[in-house]
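With chain A's structure known, arrange chain B with the ligands on it following the hints.
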Amino acid sequence: MILQMNGICKDYLQGKMTVPVLRDIDFSMEEGEYVAIMGPSGSGKTTLMNIVGCLDQATSGTFFLDGEDIGKCSDNRMSDIRLKKIGFVFQNFQLLPRQSALDNVALPLCYAGIAKKERHERAAEALERVGLGDRMDFKPNQLSGGQKQRVAIARAMVNHPKILLADEPTGALDSKSGEQVMELFESLHREGVSILMITHDAGIASFAERIVEIRDGRLKNREVETE
Amino acid sequence: MLENIRLSFQGIWSHKMRSFLTMLGIIIGIASIISIVSTIKGTNEQIKENLIGAGNNNVKIQLYQGEGTYWMDGGLPNGVYQLSDEQKQEILDLDTVENASFYQERTYADGIAYGSTNLEGGNVLGIDQNYLSTCGYQIYRGRSFIDSDFEEIRKVVLLDDTAAQAMFQEEDPLGKVIEMRNEPFTVVGIVKKSDSFQPVIQSMEDYNTYNQESYATVFLPNVCWPVIYQFDEPENAVVMAKTTEDMSSVGKNAAEIMNRSITNTTDSLSYKAEDLLEKAKSLQDLSQSTNSQLIWIASISLLVGGIGVMNIMLVSVTERTSEIGLKKAIGARKRRILAQFLTEAAVLTSIGGLIGVGAGIVMAQVISRMSKTPVAISVPSIILSVAFSMIIGIVFGLLPSVKAANLNPIDALRRE
Ligand SMILES: Nc1ncnc2c1ncn2[C@@H]1O[C@H](COP(=O)(O)OP(=O)(O)O)[C@@H](O)[C@H]1O
Ligand SMILES: [Mg+2]
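First to last, the protein sequences are chains A and B. So for the first sequence, the working numbering puts the first residue at 1; every next one is plus one. So for the second sequence, the working numbering puts the first residue at 1; every next one is plus one.
The shape of chain A in the complex, shown without the other chains:
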């Protein structure tokens, strides 16, 4: 079990009102599983993803990631978990605009305290892997959307995380680039990486092994299995 959530609730304070965003979520993923979360805008997908990604703590409930109780983790420990065990891919890429593709990919290795030479080797390797071996010195604004997202995937994977979290990874891409990203996810999945992907595109969701629906902060009881 790579992750296991029981009774997760998340409330936001809106002025004096507490707004419940996630209500009593039970959710788990096996190691190596490929899951898509679908739901309308504002249903709490990103909020759930933030908790899974150790960017945020739940208001109540328990959450174990790779056997560790995240509810009891310090801020520094959460940073380290994000660094070592989690890879993030965002809808809007989130690349540092002034750094080359290579430096963007090498950034997490820098935080992991890896020496410069090895950093460059591993970042280059990761870029080759996503088919951008010839674009290493390009700045983000010299790359297309699809290429940017592939740089972001290389960055997410460079530290060999246990789980890849992708929040609408194809949301800002045309369908062809989106397909390339999906192909990449497929091959990572085949290598045994666990993937949790948010999307509201049913076509994209169908690449996953399992689709979970979220509505008004509740997971749909019946988890829809695809084939």
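It is possible that part of the hints are untrue.
Claimed, not checked - Here's a subset of chain A near chain B, in silico, CB distances under 8 angstroms, partners left out:
| no. | residue |
| --- | --- |
| 1 | 41 |
| 2 | 55 |
| 3 | 74 |
| 4 | 75 |
| 5 | 79 |
| 6 | 90 |
| 7 | 96 |
| 8 | 98 |
| 9 | 107 |
These aren't lab readings, by the way, just hints derived from the structure by calculation. No residue lacks a Cβ here, since even glycine has one placed at the ideal position from N, Cα and C.
Frame of chain A, contents of chain B with the ligands only:
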């Protein structure tokens, strides 16, 4: 760390104009400190020159043995002859000399008393008729020495105000008889240094510097010297130069004339003018305190610069919210973000400091050209300035850096 410094340079370089404007406060602050310190140092040196010559442009010429002054108690050493009136006249005849006097001197003299009151640690001078005018003494009460005092070897003394105060307190010293090594001497007058030279006294330090020569002094006619001391003691000379600029050459020339009465070549005996530089040095120390006060005042401008840096850093943190959020999301600890922003602030202000030092040196030179005062660049103040500007960066960068480190990555990423 090195990586952070490299990134800081990159960041500063990519916002050249803004970085420069941010640094401007620091640049101006440091530049004014450097130029103030340099010109103050230069002007102080000039003031010192004036001070040495202030009052009477007096140069004291004493008999030296090696590096130290010869101890008078020993009497005239072998091969050193009494100075003659001809020699005095020769000195007086120098173009640059206004007045000259030969005199004998005892410092920390003992055996001087009025009744039961001893004068401790006073000076006794056996003087000729030129001495008082050469050194700028004025008769405050009673009379000066007159020709008949010298002709008849009268046992009379003049007291300076310090000595009079020490021995007589409220009593009137005029006409009183004091004891000098068991010989009775009558007080005929009280003298005072004329007021032409009045240093501004601002601190205890100043007081000590200016008063180091105002020991209680008892003057007697030089002809009386052997009555209480011995015959054949070496004499000192004090020469009044016409101008301050002449003082060094007057001292050298007078010493040369006096050295003719020395035939002893083995004991390294010679007459030398007192070292004016030595005197300047003690005054230099005194100006140090004024100097450092001014540095503090100039530092206030750095404070303003520091606040500017803080302001821009806060803007920069806001601008780079999503960068910070991303870095935290992919695993950067708080401490790392903090270090990144602190380094950036410190690098920024250090560069500002360096530019400021350069600008300050240029400014000092320009001021020097315009006001014709010398400037002296002080290396410690340069090092201090750069170190100080780095500290300013760290201090004023702290608040923005803490703000950056504490950014919530979720909020930061949510922004487009
Ligand atoms: N920081 C926040 N403060 C208050 N409300 C929030 C905050 N973040 C999200 N929400 C609310 O939570 C709900 C779910 O948001 P989100 O998880 O981003 O939805 P989704 O990703 O499914 O579109 C929304 O109604 C949103 O307004
Ligand atoms: Mg969302």
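Now the hints, each set against the structure:
1. Checking residue 41 (chain A) against chain B: minimum C-beta separation of about 14 angstroms lies over 8 angstroms; hint violated.
2. Residue-level restraint check for residue 55 (chain A) holds (minimum Cβ-Cβ distance to chain B is 5 angstroms; threshold 8 angstroms).
3. Hint status for residue 74 (chain A) relative to chain B: violated, with the closest Cβ pair at about 10 angstroms, above 8 angstroms.
4. Given hint, residue 75 (chain A) at the interface with chain B, holds; its Cβ is 7 angstroms from that chain's nearest Cβ, closer than 8 angstroms.
5. Contact between residue 79 (chain A) and chain B, as hinted, is supported at the beta carbon level, the nearest pair being about 5 angstroms apart and thus within 8 angstroms.
6. Interface hint at residue 90 (chain A): satisfied, since its Cβ lies 7 angstroms from the closest Cβ of chain B, which is below the 8 angstroms cut-off.
7. The beta carbon of residue 96 (chain A) comes within 6 angstroms of a beta carbon in chain B, closer than 8 angstroms, and the hint placing it at the interface holds.
8. Given the 8 angstroms rule on beta carbons, the hint for residue 98 (chain A) holds: about 6 angstroms separates it from the nearest Cβ of chain B.
9. At about 7 angstroms, the closest approach between the beta carbon of residue 107 (chain A) and any beta carbon in chain B falls short of 8 angstroms, and the interface hint on this residue holds.
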